[in-house]
Amino acid sequence: MSGLRKLTFEEIMAMRPDAGHLEELPRVPLVALVENIRSMHNVGSIFRSSDGAGIRHLYLTGFTPVPPRPEIEKTALGATESVPWSYHKKAADVVRDLKDKGYEIVVVEQTTGSRAFFKTTFNFPLCLIMGNEVDGVSDELVALADKAVDIPMRGIKHSLNVSVAYGIVVYGILAKYL
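So for the sequence shown, UniProt numbering puts the first residue at 1; every next one is plus one.
These are calculated hints, taken from the structure and not from any lab test.
Hints are supplied without guarantee of correctness; some may be wrong.
Stated by the list, open to error - The list that follows gives simulated cross-link-like pairs (lysine-lysine, DSS-like), each with its CA atoms no further than 25 Å apart:
{"no.": "1", "residue 1": "K89", "residue 2": "K147"}
{"no.": "2", "residue 1": "K119", "residue 2": "K147"}
{"no.": "3", "residue 1": "K119", "residue 2": "K99"}
With the hints as constraints, model all of the structure from the sequences given.
And the structure:
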């Protein structure tokens, strides 16, 4: 492919939306809820992927660390300022409220009814739920879900890092929405 060249930093920055007009950015009818995430670096990475995907809101719940924290900012790179977010102690209360507002609740978890995320039809507005790095999504939230999706694993490990899995699934959903 002749004629290709890498964009300069200046060209990339010129395409970036103005941070002073964040409330005017078009948002996808998708929110995310993270439950009891331990790692601040994972939280920061989830913020950054959320910014890139243009989600409406990020709900941090349980013992998930919240900004401002240098460890979160290290991977968020400012996305804590561009992604609307809130903290809630009880994840189930948020999920019930979103269900009442018509959101489809989708957990990323290995369950008896999970389907590969890329073989799933999604309905919007949608709430995507990610769980703890060790225990996954709680049984309480799985029971509240409308759907469970997973990422098929081909190696000997049964899971990916939560922030990596989030990025894969959120962009898979975004591709289906667009």
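Structure-based check of each hint:
At roughly 23 Å between alpha-carbon atoms, K89 and K147 fall within 25 Å of each other, so this suggested pair holds. Straight-line distance between C-alpha atoms of K119 and K147 comes to about 12 Å, which keeps the hinted pair within the 25 Å bound. With a CA separation close to 23 Å, the supplied pair K119 and K99 stays within the 25 Å bound.
Of the numbered hints listed earlier, not one is contradicted by the structure.
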